[in-house]
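Asker: Chain residues, written in single-letter form:
Protein chains: 2
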Amino acid sequence: MTYGTIATWRMAHEGVIKATELLKKQKSAGDAVETLINRVEAYPYYKSVGYGGLPNEQGVVEMDAAFMNGDDLAIGAVAGIQNVKHAVSVARKLSKLHFNSFRVGEGATRYAIQNDFEMVNMLTPRAKKIWQNRLLEIQEKKLDPYDGHDTVGAITLDQQGSMAAATSTSGLFMKKPGRIGDSPLSGSGFYVDSEVGGAAATGLGEDLMKGCLSYEIVRLMAEGRTPQQACDQAVYPFIEKLQKRYGKAGEFSLVAMNKAGAWGVATNVEFTFSVGNDKQVPVILMANPGPDQTTCIEPITQAWLDAYEKRIKAPIKSL
Amino acid sequence: MTYGTIATWRMAHEGVIKATELLKKQKSAGDAVETLINRVEAYPYYKSVGYGGLPNEQGVVEMDAAFMNGDDLAIGAVAGIQNVKHAVSVARKLSKLHFNSFRVGEGATRYAIQNDFEMVNMLTPRAKKIWQNRLLEIQEKKLDPYDGHDTVGAITLDQQGSMAAATSTSGLFMKKPGRIGDSPLSGSGFYVDSEVGGAAATGLGEDLMKGCLSYEIVRLMAEGRTPQQACDQAVYPFIEKLQKRYGKAGEFSLVAMNKAGAWGVATNVEFTFSVGNDKQVPVILMANPGPDQTTCIEPITQAWLDAYEKRIKAPIKSL
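So the sequence lines, in the order shown, correspond to chains R and W.
Position one of the first sequence corresponds to residue 209 (my numbering), numbered consecutively onward.
Position one of the second sequence corresponds to residue 209 (my numbering), numbered consecutively onward.
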């Protein structure tokens, strides 16, 4: 039977491998997507998600996450949650509730504590050093404080035909306290319907939420578009619209998978992602915007992977 | 030139009158919608919005609000904000920022303080008494704690052809701390595009966000549907879908207006709203679900209005 997983960024790859193994063994789409995101959350060298995620301007790691069940459309989400190791697992648990399934700030953190989720100081010494350096740089060089906001967003399809979507992020580096982006917002950061397919986003949340692009991609798939057509047709015209109407558009990258395990992506920047299904072992690919509102997809090179590995683990010198 | 306003619930009526006056004088859609919502926020007898709004289960009034500019699609939002008299005005100010325009929890409250917004204890003696009584009732009669979650949501169209949308709510009565609904979520609680029209929602946020109905209504209007067709076609099939897939559907009521000032509503409960434009002085109307996925709209009766007035001002006896 068909199964599959797609997720944003190279950082998701080990999680995609694990999720694909689970799906091959007929595990559920919900378990697979949670396991995938948990892997990214736990890896300290990914500086935009979970443990090791970069803090807000005050040095506090505030996280946003969501989970959606494509069978019954149930959604759970948290935003501005602190000190919890696996924000997406809190979101998944909340998705079982009919009321109070989206919690923010201290209420979200307290829910996690009261429900026995593992709490940990999410500010790693490495992330703290990056934050301290950035504070100095901003003061000295008047740099733009906002840089780096790579959400892990994933869609899974299991052999029973169920689908799930999930996201997790520490949000914009140097964000203002309490700032949230699109990642926990249904329709913007994610959307999934097991009878159609799902989509998830990464990029500048403030602009992504102006377009409800994850919902729009799923809707276009419901109308009969392939995932790639749906991504191209939802994302590129909206970026043009935003440039015309708002004067600019932030970084946008979206991934999608339909109920047959076919997939698509669209992006306005260099964008890596990982995808696997019953026909294809998980692989990291690179996407770039192509001509005429299309997307160029090519294999990742070993040179790119080596440089990435070196970059994320490079020693951080104190300024 | 054309102008118009539509807003959810009878409570919005005085605000709709004021907004319509402003629009008649060629004021902007943004000013009109903020003024409308501010009126509702300031009136102590409306127990689901602003001052006098009902608190969460711990007795804390936590508010959610959003503002969207239909010209440039800019969005500002706050969720779980406390002690601020006009949450929607904070949201509107945030909508001017490209980054950090959606703030939750303590970060949202601090932003309001640092930006000189009027702070006030939002828990009126009346709301406190209702809350204390409900705590007792829940203990004694094992009542469902969730009841009353009427958001004010509004769309305005000005004579310059600009449109705006805004929402404000204290959310579910007896909600868990940090719970947020659809009101601050783009595409679910509200959406507006000056080249098409806008929509806003009230009802059970946890279910509304499963469908991104405000976005979907605007999209259907962009495809050529009238506001009434768009409301009917977006809302009723989704309620059926939710009943089938999720097993139930909460209360849903949506209002819409297009760029010509035409309007529509859809609802699965008895629902009052207020609407005015250049051809029609503001009027309170009542909507109910009709046959075959349509909406029945009729004038409000004086008896209903009298009973409403009496109900919202009835003395609260301590249990």
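Just so you know, not all the hints are guaranteed correct.
The list treats identical chains as one, so a pair stands whether inside a single copy or across any two.
Said to hold, decoys possible - Straight-line distance between alpha carbons at most 30 angstroms, and here's what the computed DSSO-like set of lysine-lysine pairs gives:
#1 337 <-> 467
#2 226 <-> 525
#3 350 <-> 521
#4 349 <-> 304
#5 235 <-> 349
#6 467 <-> 452
By construction, these hints were calculated from the structure, which means they are not laboratory data.
Asker: Compare the structure with each hint and give your call.
Answerer: Each hint tested on the structure:
In the homo-oligomer, the alpha carbons of residue 337 and residue 467 never lie at most 30 angstroms apart, since the shortest distance is 43 angstroms inside one protomer and 51 angstroms across protomers. For a Cα distance limit of 30 angstroms, the shortest separation of residue 226 from residue 525 qualifies neither inside one copy, at 34 angstroms, nor across copies, at 59 angstroms. Taking the shortest alpha-carbon separations for residue 350 and residue 521, only the intra-copy value of 26 angstroms comes in at or below 30 angstroms, while the best inter-copy value is 55 angstroms. Proximity of residue 349 and residue 304 under a CA criterion of 30 angstroms is satisfied inter-copy only: 25 angstroms between copies versus 48 angstroms inside one chain copy.
Taking CA atoms no more than 30 angstroms apart as the test, residue 235 paired with residue 349 passes in neither setting, with 51 angstroms inside one copy and 42 angstroms between copies. For a Cα distance limit of 30 angstroms, the shortest separation of residue 467 from residue 452 across copies, 19 angstroms, qualifies, whereas the shortest one inside one copy, 34 angstroms, does not.
Figure legend: structure checked against the earlier numbered hints; hints not met, in rising order: 1, 2 and 5.
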